[in-house]
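Student: Each chain, letter by letter, is given below.
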Amino acid sequence: QKEVEQNSGPLSVPEGAIASLNCTYSDRGSQSFFWYRQYSGKSPELIMFIYSNGDKEDGRFTAQLNKASQYVSLLIRDSQPSDSATYLCAVNFDRGSTLGRLYFGRGTQLTVWP
Amino acid sequence: SAVISQKPSRDICQRGTSLTIQCQVDSQVTMMFWYRQQPGQSLTLIATANQGSEATYESGFVIDKFPISRPNLTFSTLTVSNMSPEDSSIYLCSVRVEGGSPLHFGNGTRLTVT
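These protein sequence lines map, in sequence, to chains A and B.
For the record, in the first sequence the residue sitting at position 71 is 71 according to the numbering used here, with numbers rising by one throughout.
For the record, in the second sequence the residue sitting at position 38 is 38 according to the numbering used here, with numbers rising by one throughout.
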């Protein structure tokens, strides 16, 4: 069973705050994890990906992965109104990288208010 | 990352007709996928488009309804056949440039069936 669960929100934070987005997945053997951002009416765009346990930082974004707990999160520091979007968690359940199908959660809608 | 062009960007079709969506990539890619995003929902994987062979469909999707072609490493088509209003959705082409690399999306085709 390929399940990716996210809180649908909406999540509302003030400008400058830290936004925390969470995602759980069903298969402990999953190897790669992705966060996408989708603005209304647009296609998803990749923010970050993470393969190993621990934290991975890229600018204001930090992805955190805990494979034992089957949990991946995205932190957005110093949130800006332009970060207001739906954030999609995606998981590659295929064990080998040659297949690489991604399965998506329902997304968390984030609003950053000035 | 690859530049992905999808045509048409939107269409309004009558019930019972078919629509073919084209996806053109500016470079050769290893994997091409087709997703559907119904209103207010997340992305659902329809199938993996395999170069030179039949597509691999996800549970709930069948070739008769969603025939897919991929004649080469840069081009694929998805046909939505015998459409009903329930097929109204955004259809997205996505590509993986090489095994293990992130998935990137085209701008999507917004389909409305009346």
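Just so you know, the hints here were simulated from the structure itself, not pulled from any lab data.
Keep in mind that the hints are not guaranteed to be accurate.
To be verified - To give an idea of the chain A side of the interface with chain B (calculated C-beta under 8 Å), a few residues: (1) Y39; (2) L88; (3) Y103; (4) F104.
Positions of the beta carbon are idealized from the N, C-alpha and C atoms, including for glycine.
Student: Does each hint fit the structure? Answer for all of them.
Tutor: Results of checking the hints against the structure:
{"no.": "1", "hint": "Y39", "result": "violated, 12 Å"}
{"no.": "2", "hint": "L88", "result": "holds, 6 Å"}
{"no.": "3", "hint": "Y103", "result": "holds, 6 Å"}
{"no.": "4", "hint": "F104", "result": "holds, 4 Å"}
Hint compliance for this structure: hint 1 is the single one not met.
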